[in-house]
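Each chain, letter by letter, is given below.
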Amino acid sequence: MNPFASPTSLTMQGTHRSLDTHKYSVILPTYNERANLPVIVWLLARTFTEQELDWEVVVVDDASPDGTQEVARQLAGVYGEDKILLRPRAGKLGLGTAYIHGLNFVTGDFVIIMDADFSHHPKFIPQFIRLQKAHNLDIVTGTRYRATSKPATVDALPGGVHGWDFKRKLVSRGANFLADTVLNPGVSDLTGSFRLPVLRHIITETVSKGYVFQMEMMVRARALGYTVGEVPITFVDRIFGDSKLGASEVVGYAKGIWTLFVSV
Amino acid sequence: MARAHRAAVLGTIAIIAYMLTLFNVLSVPLVDAKIAEQILPVFPWWLLVSFGSYCLWSIGMGLATLRECPEAYNELLVEITAAKNDLRAKGVTVD
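These protein sequence lines map, in sequence, to chains A and B.
9 is the number that my numbering gives to position 9 of the first sequence; each next residue is one higher, with no gaps.
Going from the second sequence to my numbering is simple: count from 1 and add 264.
Here chain B stands alone, though its shape is the one from the complex (with noise of 0.2 angstroms):
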């Protein structure tokens, strides 16, 4: 079963149970009516919100901790001069 198959079963069943509850013909437990009532109908933008935040953050968090490599950098440039210097005596054509 590939992932878009089973993210659509999943799907599917989240919104039906979203659906069912939305118009009480389940209850759901655990959870006073009353407050269900108020919080069922704003579930689905809060759910997006919540995503486009976990992604900002995700994404932040990336950025922020992308380590920069200035070392690396020197010792390959030094590294390169020696290629350049060993290949051209054995007969290489280096630029």
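Bound-form chain A, shown alone (with noise of 0.2 angstroms):
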């Protein structure tokens, strides 16, 4: 869109320093995140409003039984209708269905895709504004297994994890490797979403649900042409909720590499 046709840039006059006349929309799919909600989107709010951008956050819930729905009219009260914007599901329809529904009602020209827990920090999102605007990138990607972005800049500190056994690492490195081997994608981390894409078109590509959406998402923009660099970020594992990861995933993500090796 005309960035200075944006609705940010016609009524910005006197109230933003900033130059960025960008909205940016975040999708939170939750799932019992009760706990979690309200501090991400203060960290997410905080982050917005000290760099002066224009945001919005869409809270996709599928039907949690915790009250995941009231607090996030809550923080709405808190923060503007117009600033978190409640859109709920029927029920648990998987993660890829979340962003796309997600989609349809956000009113900003760039997309972030993260975790409601706090393995995504919020605080990297200006890294990956400024990576994204220095070399035009359709995509930009969080990894947590490079120390330099990549290409480089100056400002990314090291990637790095905490909170994962050796058990965890050795699933994530070897999904990973064989994500890598088998597809090619261009990316160092497939599996751990923290996205600021500005195109609808490949995430309405996407056939997959699940974890295996992030990882498909990645390679059909590669093969579409499109451009992806990539920030460092620091991974903490879950530190409130379970997570959603199981066997059944593990052989989903096997299937799911399977499909796209024969179809992209």
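In case anyone wonders, no lab produced these hints; they're calculated from the structure.
Note that this is a predicted model, so its numbers are computed, not measured.
Ideal Cβ placement from N, Cα and C applies to all residues, glycine included.
Don't take every hint at face value.
Quick list of simulated restraints, FRET-style, between CB atoms [stated by the list, open to error]:
| # | chain 1 | residue 1 | chain 2 | residue 2 | range |
| --- | --- | --- | --- | --- | --- |
| 1 | A | Asp82 | B | Cys319 | 48 to 56 angstroms |
| 2 | A | Val262 | B | Phe287 | 30 to 38 angstroms |
| 3 | B | Leu312 | A | Pro7 | 54 to 62 angstroms |
| 4 | A | Glu249 | B | Asp359 | 23 to 31 angstroms |
| 5 | A | Val171 | B | Leu312 | 33 to 41 angstroms |
| 6 | A | Pro88 | B | Phe307 | 56 to 64 angstroms |
| 7 | B | Leu341 | A | Val262 | 41 to 49 angstroms |
| 8 | B | Gly316 | A | Ala254 | 16 to 24 angstroms |
Grab the two chains, each in its own frame, and use the hints to assemble them into the complex.
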């Protein structure tokens, strides 16, 4: 869209010092994230206000039984109905379709997809934005495995993880190695999602559901010729709540790799 | 063309080339025929072992270089308490 005709730039006179007239929309898929949601929204709001960026958060809740939606409504009361958009769904329909659902309500021209627990910290978003602008990238993704960003920038700090035991590290490295060898996607971390894509094209193209969705997004983007950059991020494993990674996910992952191998 | 199809085509070409050199229909350039005779039968196994070592090396390197970030964890804990206090004051239910 024309950045000079965006709602932000038309109304920003005297309110923003920033030259950034883009609006950044964050899609947060949630399921039983009652404890995490307020904090992550607080962190996002703080990051965006500090950077003087126009923002919104689309909360896609899959009918959580623990009252996540109630908390989301309270947050909308605090931050504004135009900033926190609660767009729930009727049941647990999966990660990929949650993003697609959220895209219908996005009014910004940049979309950030991330986890609602604290494993993806909003403090990296400004680095993502700077990298995207510097090289006009279509997608910027976070990587836990690199110490420098790709393309290189001076302000990137080394990536890392916390709270992983050896088995988890092995599984993660093994999974990425498998995907890397079979699919050669061009990014070093396929399983940590935290992206800043500008295009709806890829997301609507990807057909998988669940965690394979993230991997498919990257592979398809590369196949379609989009430019991708990487920023190192630190990934602190779940503090509250249970992770949704189980044995069936592993099988699904292998199947997903095979499907991508034969179709992309 | 999908990756699988590309891989299949390249694989077929490689196998045919290998078979032709193995059965002496073609000769391997730059290598003496006697030496080629000894190497070619074991070549696929060597490829397999090399790939296996590469896999192990790659995953091992990956495990060794995966950085721990305790400072990020501590910083995050501080931020969580700050966020909860702030939001509790504004009327949001935080656990």
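Evaluation of the provided hints:
Restraint check, aspartate 82 of chain A to cysteine 319 of chain B: a C-beta distance of roughly 51 angstroms satisfies the suggested window 48 to 56 angstroms. Between valine 262 of chain A and phenylalanine 287 of chain B the Cβ separation comes to about 32 angstroms, which falls inside the hinted range of 30 to 38 angstroms. Between leucine 312 of chain B and proline 7 of chain A the beta carbon distance is about 60 angstroms. The supplied range of 54 to 62 angstroms therefore holds. Look at glutamate 249 of chain A against aspartate 359 of chain B: about 27 angstroms separates their beta carbons, and that is inside 23 to 31 angstroms.
As the Cβ distance of valine 171 of chain A to leucine 312 of chain B is approximately 24 angstroms, the hint placing it in 33 to 41 angstroms is violated. Taking the beta carbon of each, proline 88 of chain A and phenylalanine 307 of chain B are about 59 angstroms apart, inside 56 to 64 angstroms as hinted. A hinted range of 41 to 49 angstroms for the beta carbons of leucine 341 of chain B and valine 262 of chain A is consistent with their spacing of about 45 angstroms. The hinted range of 16 to 24 angstroms is satisfied by glycine 316 of chain B and alanine 254 of chain A, whose Cβ atoms lie roughly 19 angstroms apart.
Hint violations for this structure: number 5 only, all remaining hints satisfied.
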